[in-house]
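J.: Read top to bottom, the protein sequences are chains D and X.
Numbering follows the numbering used here, in which position 336 of the first sequence is assigned residue number 336; successive positions increment by one, without gaps.
Numbering follows the numbering used here, in which position 23 of the second sequence is assigned residue number 23; successive positions increment by one, without gaps.
Because the hints were derived from the structure by calculation, they are not lab data.
Don't take every hint at face value.
Stated by the list, open to error - Which residues of chain D face chain X? A few of them, derived with a C-beta cut under 10 Å, are:
#	residue
1	G286
2	L291
3	V478
4	Y492
5	T602
Claimed, not checked - Chain X is faced by these chain D residues, among others (derived, beta-carbon under 10 Å):
#	residue
6	L288
7	S290
8	G295
9	V296
10	F480
11	I482
12	L485
13	W487
14	A488
15	H491
C-beta: ideal position from N, C-alpha, C; glycine also.
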Amino acid sequence: MTTSAAAHLRLSVGPDSAPRALRVALVGNPNAGKSTLFNALTGMQQRVANFPGVTVEHAEGVFVHEQTTVTLIDLPGTYSTAPQSPDEEIALDVLTGRRQGVPAADVIVVVLDATNLERNLFFATQVIELGRPTVVALNRMDRVAAEGTRIDVPEMIHELGVVVVPVTATKKHGVDRLRHAIARATSLPRPVPRIGLGDESDVERRYTWISGIVERCVARRPANPRTTSDRVDAWLLHRVWGLAAFVLVLLLVFQAMFTGARPLADGIASLLTMASALATQALPPGDLRSLVVDGVLAGVGSVLVFLPQIAILFLFIGLLEDSGYMARAAFVMDRYLRPLGLQGRSFIPLVSGYACAVPGIMATRTIQQREERLATIMVVPLISCSARLPVYALLIAAFVPAVTVGVVSLQSLTMLGMYLLGTGAALAMATLFRRTLLRSDTRALIIELPRYSVPSARVLLASVWQRVRIFLRRAGTVIFSISILLWALAHYPKPRDVAAGVTPEQQLSQSALGRIGHVIEPAVRPLGYDWKIGVSMVASFAAREVFVSTMGTIYSASSDDGTAALVQRLRAERDARTGRPAYTPLVAIGLMVFYVFALMCTSTVAITVRETGGGWRGVRWAALQFGYLLVLAYGAAFVVHRAGLALGFGGGT
Amino acid sequence: MTADVQGVVAIAVVAGAALYVARRAWLSWRAARIAATGEQASGCGSGCDCH
Numbered sequence: 001m002t003t004s005a006a007a008h009l010r011l012s013v014g015p016d017s018a019p020r021a022l023r024v025a026l027v028g029n030p031n032a033g034k035s036t037l038f039n040a041l042t043g044m045q046q047r048v049a050n051f052p053g054v055t056v057e058h059a060e061g062v063f064v065h066e067q068t069t070v071t072l073i074d075l076p077g078t079y080s081t082a083p084q085s086p087d088e089e090i091a092l093d094v095l096t097g098r099r100q101g102v103p104a105a106d107v108i109v110v111v112l113d114a115t116n117l118e119r120n121l122f123f124a125t126q127v128i129e130l131g132r133p134t135v136v137a138l139n140r141m142d143r144v145a146a147e148g149t150r151i152d153v154p155e156m157i158h159e160l161g162v163v164v165v166p167v168t169a170t171k172k173h174g175v176d177r178l179r180h181a182i183a184r185a186t187s188l189p190r191p192v193p194r195i196g197l198g199d200e201s202d203v204e205r206r207y208t209w210i211s212g213i214v215e216r217c218v219a220r221r222p223a224n225p226r227t228t229s230d231r232v233d234a235w236l237l238h239r240v241w242g243l244a245a246f247v248l249v250l251l252l253v254f255q256a257m258f259t260g261a262r263p264l265a266d267g268i269a270s271l272l273t274m275a276s277a278l279a280t281q282a283l284p285p286g287d288l289r290s291l292v293v294d295g296v297l298a299g300v301g302s303v304l305v306f307l308p309q310i311a312i313l314f315l316f317i318g319l320l321e322d323s324g325y326m327a328r329a330a331f332v333m334d335r336y337l338r339p340l341g342l343q344g345r346s347f348i349p350l351v352s353g354y355a356c357a358v359p360g361i362m363a364t365r366t367i368q369q370r371e372e373r374l375a376t377i378m379v380v381p382l383i384s385c386s387a388r389l390p391v392y393a394l395l396i397a398a399f400v401p402a403v404t405v406g407v408v409s410l411q412s413l414t415m416l417g418m419y420l421l422g423t424g425a426a427l428a429m430a431t432l433f434r435r436t437l438l439r440s441d442t443r444a445l446i447i448e449l450p451r452y453s454v455p456s457a458r459v460l461l462a463s464v465w466q467r468v469r470i471f472l473r474r475a476g477t478v479i480f481s482i483s484i485l486l487w488a489l490a491h492y493p494k495p496r497d498v499a500a501g502v503t504p505e506q507q508l509s510q511s512a513l514g515r516i517g518h519v520i521e522p523a524v525r526p527l528g529y530d531w532k533i534g535v536s537m538v539a540s541f542a543a544r545e546v547f548v549s550t551m552g553t554i555y556s557a558s559s560d561d562g563t564a565a566l567v568q569r570l571r572a573e574r575d576a577r578t579g580r581p582a583y584t585p586l587v588a589i590g591l592m593v594f595y596v597f598a599l600m601c602t603s604t605v606a607i608t609v610r611e612t613g614g615g616w617r618g619v620r621w622a623a624l625q626f627g628y629l630l631v632l633a634y635g636a637a638f639v640v641h642r643a644g645l646a647l648g649f650g651g652g653t
Numbered sequence: 001m002t003a004d005v006q007g008v009v010a011i012a013v014v015a016g017a018a019l020y021v022a023r024r025a026w027l028s029w030r031a032a033r034i035a036a037t038g039e040q041a042s043g044c045g046s047g048c049d050c051h
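With the hints as constraints, model all of the structure from the sequences given.
T.: Structure below.
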């Protein structure tokens, strides 16, 4: 293309009055900043992370520019038009219109990381070769300027034959110009293929072409041989110090979860106590008052007090991802995962599992090898997700003394122990799967280490708020309804002869819930649990947090004191037969171990069915996953209880 | 509010909660079935709306 043609491309972006709609696909290499640009263009909030594969499924957003309504599709990061993993396949299917139910894009926007042009241009030139209306967004221009590099944009337009718009997505610089270019892209001449998308020899020719483009368009200042990032990486990627730093980071997270969340959790607990007192004053004695105080407030409230801890967990996960540390952790862990038959790429789904197993399982799409991917899916639920947090936090607060060991509290260490147990079990089971059912060679890890960056407070808080909202919605719908049902089961049928002076404990025992509990009891007795724990465990098959709300409802129903916190009630609970404490630290540890292993989450089962191939094949994998985790949970809780008794730590009931 | 009226209101609330839980369970089952038959799942139980 001549210089005049390039000028035409820039000048012909004039106004167009007819209203119209465009479908625009946003593509680019992983970490090019697509999701940030997507948010900047559409105003929609979406998770942004500094490692490949976070955008597993495409997201859509809309913006209107002058008379044009643009539907923007954010696609998973892709390195080339020859897909290597399931999520790259999805991106290319959407791009070429092969994806079922998704029409082909009218315009393609290729996002380039301007600080890494050579690699990013490989995919960009391939997309341009498709001959579709294309706009190139040259992202991270602020960093380019900070490095003292100059990119000749008009020359790049001339070389590529498409509109090139320099932008800085994080600061929203150049975003309006990009919107304008997108809206006008269909009225410009189509790009002309130069190399073709053929065999290996074309790859060589493409790289030669790209080298020429970079040579002509980029003027670099002599590079500093050793940057600050390199010096930090020398420690964080070190064989020994890297692992030590990772464990230290985890410890810091759990310490913050306990100490940082306490004032907020106490505040929520005080509000709930006030609400209970108000309801007791406002309503005369009767079923409705009991339903509000013992059912709703005791059930939902016992889960709500853990909201600050969940918010802190997500704040730290976001901080680690957005700062660029998570990809380093994957790199460090690759060395330790390889002998187990996994690689660093499996580490990303496993870390996502700390938030929730569902996105963790979806993130396995970045794993290219089928056996490795299946093995990772099978063990992701062993990673302690945020739903387990209320269970751990309740039992630890009730039975682990609040003493410090050095500078760390024993409660934080116990929590860390549960997380490490889950992680260790996940790695052990992955090894077992890789050496039995899912044998294959392990591929080498190629992962991009993004530059360290200061996370945006806005993006971080938006992500925490999103998770808090999901948690509150769950508390206000599923947990609220189940608490009401459990209250009904715990209060009906009522004893026939109320005048005879039936205690709340006796009433509970004779209720439908009590009768169900007594049927379940023989199954949980070998683990040292009474019928109340048994009922709570069965109820939590719907969702793990329901365990805590059920305990809240049950202990509220069996007590005269409607204001005592659940923790105090658990500590005071006595076995009806022996008169000894019903809960001991051993019972609490056994229960936590059960929850470390058990897969009690319908969403995870559904996503496993889908991600393991769907159909009966998917159902079989999901059944295997659910079954082995249940056997593991029961077996481990049994071993903990029996070993504890044998060592003289004292049993439960 | 008399004890009888309270009882009636409580039963109505419980019935509402039962209907809601039943609906959620049905949606989850349906989403799992859609996933098993290989179609694109949506709604409750299909992901995202987890913890």
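J.: Each of the hints needs a verdict: does it hold here or not?
T.: Hints versus structure:
1. Satisfaction of the interface hint for G286 (chain D) is found here, the shortest Cβ-Cβ separation to chain X being roughly 3 Å, below the 10 Å cut-off.
2. Nearest Cβ of chain X to the Cβ of L291 (chain D): about 5 Å, under the 10 Å cut. The hint holds.
3. At its closest, the beta carbon of V478 (chain D) sits 6 Å from a beta carbon of chain X; the interface hint therefore holds under the 10 Å criterion.
4. Checking Y492 (chain D) against chain X: minimum C-beta separation of about 9 Å stays under 10 Å; hint holds.
5. Checking T602 (chain D) against chain X by beta carbon gives a least distance of about 5 Å; that is within 10 Å, so the hint holds.
6. A cut of 10 Å between beta carbons decides the hint on L288 (chain D): the least distance to chain X is about 4 Å, and the hint holds.
7. With its C-beta approaching chain X no nearer than about 8 Å, S290 (chain D) sits inside the 10 Å limit, and its interface hint holds.
8. For G295 (chain D), the shortest C-beta to C-beta distance to chain X is roughly 9 Å, which falls under 10 Å, so the interface hint holds.
9. With its C-beta approaching chain X no nearer than about 9 Å, V296 (chain D) sits inside the 10 Å limit, and its interface hint holds.
10. Given hint, F480 (chain D) at the interface with chain X, holds; its Cβ is 8 Å from that chain's nearest Cβ, closer than 10 Å.
11. Hint status for I482 (chain D) relative to chain X: holds, with the closest Cβ pair at about 6 Å, below 10 Å.
12. Hint on L485 (chain D) holds. Least Cβ distance to chain X is approximately 5 Å, under the 10 Å limit.
13. With its C-beta approaching chain X no nearer than about 8 Å, W487 (chain D) sits inside the 10 Å limit, and its interface hint holds.
14. Given the 10 Å rule on beta carbons, the hint for A488 (chain D) holds: about 4 Å separates it from the nearest Cβ of chain X.
15. Nearest Cβ of chain X to the Cβ of H491 (chain D): about 8 Å, under the 10 Å cut. The hint holds.
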